[in-house]
Amino acid sequence: MNGSFNIKRIITYAALSLAALTFIYPFIWMIGASLAPLHEVGNMKFWPAHPTINNFQLMIGKIPIGRSLFNSLLVALLTTSLVLLTGSTVGYALAKLQFRGRQLIFYIIVFTMSLPFQITLIPNYITMVNLRLVDTYMALVVPFAVSAFAILMFRQAFQGLPQALIDAARLDGCSELGLIFRILWPNIKPTIITVAILTFIGSWNEVLWPLIVIRNEQLMTMPQLVTLFAVGGRADSQLGVKIAAAVLLALPVMIAFLFFQKHFIQSMASTGLKD
Amino acid sequence: MSTALAMNKKKAGKLSKAKLLPYLMVSPYLLFVLVFVVFPVLFCLFLTFHKWNIIAPMQFAGMDNYSRLFQDRLFWKAIGNTLKFLLLHIPLQLIVSLLLAWLLNQKIRAVSFFRASFFMPVIVSGVVVTILWQQLLGYDTGLINKLLMSIGLNKVGWLVDPDMAIYSIAVMATWKNVGLYVILFLVGLQTVPPQYYEASELDGASRWQQFYHITLPMINPTIFMVVILSTIGGFSLFIEPYIMTGGGPLNTTLSAVLYIYKQAFQYYNMGYSATLGFFYAIMIMTVVVLQKKFIEKEV
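Here the protein sequences line up with chains F and L, keeping their order. The opening residue of the first sequence carries number 1 in the UniProt record's numbering; numbering runs sequentially from there. The opening residue of the second sequence carries number 1 in the UniProt record's numbering; numbering runs sequentially from there.
These aren't lab readings, by the way, just hints derived from the structure by calculation. Hints may contain errors.
[What the hints assert, rightly or not] The calculated label-pair distances, taken between Cβ atoms and stated as ranges, are:
hint	chain 1	residue 1	chain 2	residue 2	range
1	F	Tyr13	L	Leu202	25 to 31 angstroms
2	F	Ile11	L	Pro91	19 to 25 angstroms
3	L	Ile295	F	His50	53 to 59 angstroms
4	F	Leu73	L	Leu45	35 to 41 angstroms
5	F	Pro162	L	Val171	48 to 54 angstroms
6	F	Phe99	L	Leu42	25 to 31 angstroms
7	F	Leu74	L	Tyr267	28 to 34 angstroms
8	L	Ser206	F	Pro190	39 to 45 angstroms
9	L	Asp140	F	Met254	27 to 33 angstroms
10	L	Asn220	F	Trp185	33 to 39 angstroms
11	L	Leu42	F	Leu74	30 to 36 angstroms
12	L	Val171	F	Tyr13	21 to 27 angstroms
For glycine and all other residues, C-beta sits at the position ideal for the given N, C-alpha and C.
Modelling step: build the complete structure from the supplied sequences, incorporating the hints.
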């Protein structure tokens, strides 16, 4: 090919590489800084000259970070299971069963999706107080146990399946729930993976709601605990400790992303493609 | 006679069971909507006419909360800050994500590597990104200022300058989210049939003309989506100022959600906070509907 073509390609690669560096370098710096001794933290260098795990040891001594990791995992797993369960049963009913009010429920779902959370935030907190759920795992799981988005995703997936599959299973005496989870689920794996990833990440990264309903340090989720640690002054004198907390918060998701990159990107991209 | 009746009954029982099943299946959702959507919206409206600190009994306050809202300079400042944030965030997000998607669409190698690196901040918690950028943007020890000084420039008060701080946060939020929109635009760009470009090339169209007359109209739905999603996301701005600046300097990074949160959980003004939330939610829905109308007209 001609010269100008090559120059264009070089510029394209250079621009993309520069962009990639802008996105990756801060993370690498962060991991380096978390391993740096106090006097080296402010350096721009890629890697500390004298790496140490001192920052992590200090942090573990100050906050129950291990417990918060457990809390976050438990809450995210429970939320994801419930969203998959409720999403597929409601989605199935809307897609494959005939009943009065079906269209109305569909409109309600679409409407609730466009309702900003700011309007329900304070009343939902008061509901938690009245149900005596403040400072329980339930407060972190129940308000997220049903997802309008998941219902619509499952509805769409079930609509794409042939009626013959359902009729055959019913003839064999399969119950409706057995039909959904044993016969239909294996046919909609991409939807299940998408809903599971988005729900899990959403639950894992949620921080405003835990800040409102959890005050007991032993029940805090990881992002909440790290947030309060970062703003609360307990880490103030030691930058490295704060960064170490951020690294621990980032690592599980980053590792999961490296392994299931394709699924992550496809799932996230589908959030916008639903209509 | 009696057997026929029994059979009829049996049939009716079976029928109603089959009829009931769908309602049984959607009932968890209906219960959920009742408890976590319908009741809160009505209760929120109810709270807007009351004064309540959660401990003492509720007091009827008439329109007090509303008149307070319209005179509350800090609330309007918070709205203004949020709008300033959006003013930079939305165009920046559109331009950067479209540019990166366009570069990725040039039949290059290692697309998945670039895509993954742009995507990394999207999946990581906003808490991580904020703590990280706090170090990058620090005045004395921040990496960006160190970099500026090493090439002989002056330090910039990214987070301490009142005229600057909200825009620094807008750039950070763009850095966090742009990877998602790159993917959306890449999908959009790939839906443009290559024949369109080939045909217009034969007609002697320039690259810019191609972009303006072919690409842009084809990816219009994606642009619309990016604008709406960034708007809703921007109106929810909370954790970034909460961690980074606490709303300062001089309340210039106080976002509306942060102010609502403070009214409820620092000052325990539940009624007033609910009023702010109610008003703010209606404002958001209005803006989104207007955007929808405006963009649909443009198509």
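Honestly, do L/Leu42 and F/Leu74 meet the 30 to 36 angstroms range at C-beta?
holds, 33 angstroms
For L/Val171 and F/Tyr13, compare the CB-CB distance with the range 21 to 27 angstroms and indicate the outcome.
holds, 25 angstroms
Could you say whether the range 19 to 25 angstroms given as a hint is met by the Cβ separation of F/Ile11 and L/Pro91?
holds, 24 angstroms
Regarding L/Ser206 and F/Pro190, is the given constraint of 39 to 45 angstroms on their beta-carbon distance met?
holds, 40 angstroms
With respect to the beta-carbon atoms only, verify the hint that F/Pro162 and L/Val171 lie 48 to 54 angstroms apart.
Between F/Pro162 and L/Val171, where Cβ atoms are some 50 angstroms apart, the hint holds.
Indicate whether the distance between the beta carbons of F/Tyr13 and L/Leu202 respects the range 25 to 31 angstroms.
holds, 29 angstroms
Distance restraint evaluation - F/Phe99, L/Leu42, Cβ atoms, bounds 25 to 31 angstroms
Cβ of F/Phe99 to Cβ of L/Leu42: about 26 angstroms, so the range 25 to 31 angstroms holds.
Is it true that F/Leu73 and L/Leu45 lie within 35 to 41 angstroms of each other by Cβ?
At roughly 38 angstroms between Cβ atoms, L/Leu45 and F/Leu73 fall inside 35 to 41 angstroms, so the hint holds.
Do the beta carbons of L/Asn220 and F/Trp185 sit within 33 to 39 angstroms of each other?
holds, 36 angstroms
In this structure, is the beta-carbon distance linking L/Asp140 and F/Met254 contained in 27 to 33 angstroms?
Cβ of L/Asp140 to Cβ of F/Met254: about 29 angstroms, so the range 27 to 33 angstroms holds.
Using the beta carbons of F/Leu74 and L/Tyr267, state whether their distance is inside 28 to 34 angstroms or not.
Holds: the Cβ-Cβ distance is about 33 angstroms, inside 28 to 34 angstroms.
Taking the Cβ atom of L/Ile295 and the Cβ atom of F/His50, is their distance within the range 53 to 59 angstroms?
Since the Cβ atoms of L/Ile295 and F/His50 sit about 55 angstroms apart, the hinted range of 53 to 59 angstroms holds.
Every hint, counting from the list given before, is met by this structure.
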